[in-house]
Amino acid sequence: MSASPTYVLSIERAKASLQDIISALSMPDHATRLTEAKNNAGNDMMMYMQLVFPLATQIQQDVIQNYGFPADREGLLEFTRIIKMLAKENEEIAQMDEDLRSLLIPSMVLTYPQTNTN
Numbered sequence: 001m002s003a004s005p006t007y008v009l010s011i012e013r014a015k016a017s018l019q020d021i022i023s024a025l026s027m028p029d030h031a032t033r034l035t036e037a038k039n040n041a042g043n044d045m046m047m048y049m050q051l052v053f054p055l056a057t058q059i060q061q062d063v064i065q066n067y068g069f070p071a072d073r074e075g076l077l078e079f080t081r082i083i084k085m086l087a088k089e090n091e092e093i094a095q096m097d098e099d100l101r102s103l104l105i106p107s108m109v110l111t112y113p114q115t116n117t118n
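Under full-length UniProt numbering, the first residue of the sequence shown carries the number 1, and numbering increases by one thereafter.
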């Protein structure tokens, strides 16, 4: 059994990769497809996971391969792990990571059932 490969991402390349992902998600074709998927999912988190996340994952995988990561699930997981680690050390990466998350993860609107108290 061989050891899994080790990926290295410098601070500057991490910033560039995050900017490239954010830019890719904002490209007109991708943005339109993501908006459509989000609208179709509505407030249903399961639908969001089925419609939005796979599309967003594919877009991210297309970008991270330019930074030496495999364009697959494991590559994206490793990329994300490295970004989280670097975000602890670098405020700009932390902010960019937060910006990326805000593009992908919906803000949850909690609704509470109406109670009739007399």
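What the hints contain is simulated information worked out from the structure, not anything from laboratory work.
Each residue gets a CB set at the ideal place from its N, CA and C atoms; glycine is no exception.
Please note that the accuracy of each hint is not assured.
Result set (DSBU-like, lysine-lysine): computed pairs, CA atoms no more than 30 Å apart in a straight line [what the hints assert, rightly or not]: (1) K38 to K15; (2) K88 to K15; (3) K38 to K84; (4) K84 to K15.
What follows is a set of in silico ranges between Cβ atoms, one per label pair, in the way DEER data are often shown [stated by the list, open to error]: (5) G68 to N90: 28 to 36 Å; (6) S10 to M45: 21 to 29 Å; (7) E89 to N43: 15 to 23 Å; (8) T32 to K88: 31 to 39 Å; (9) E89 to A31: 16 to 24 Å.
> Is the hinted range of 21 to 29 Å satisfied by the C-beta distance from S10 to M45?
Replying inline: Because 35 Å falls outside the window, the suggested range is violated.
> At the C-beta level, are G68 and N90 separated by a distance inside 28 to 36 Å?
Replying inline: Violated - the Cβ-Cβ distance for G68 and N90, about 19 Å, lies outside 28 to 36 Å.
> Are the Cα atoms of K38 and K84 separated by 30 Å or less?
Replying inline: 25 Å, holds
>> Does K15 sit within 30 Å of K38, going by the straight-line distance between their CA atoms?
In response: At roughly 26 Å apart (the allowed maximum being 30 Å), K15 and K38 satisfy the hint.
>> The hint says 15 to 23 Å between E89 and N43; measuring C-beta to C-beta, is that right?
In response: Given a distance of about 36 Å, which is not inside 15 to 23 Å, the answer is violated.
> Going straight from one Cα to the other, do K88 and K15 come out at no more than 30 Å?
Replying inline: With a Cα-Cα distance of about 14 Å, the restraint between K88 and K15 holds, given a limit of 30 Å.
> When you check the alpha-carbon spacing of K84 and K15, does it fall within 30 Å?
Replying inline: Satisfied, since the Cα-Cα distance of roughly 12 Å is no more than 30 Å.
> Taking the CB of E89 and the CB of A31, does the distance hold inside 16 to 24 Å?
Replying inline: Distance hint for E89, A31 is violated at roughly 31 Å.
> So the hint says 31 to 39 Å: do the beta-carbon atoms of T32 and K88 match that?
Replying inline: 35 Å, holds
Violated hints for the displayed structure, listed by number in ascending order: 5, 6, 7 and 9.
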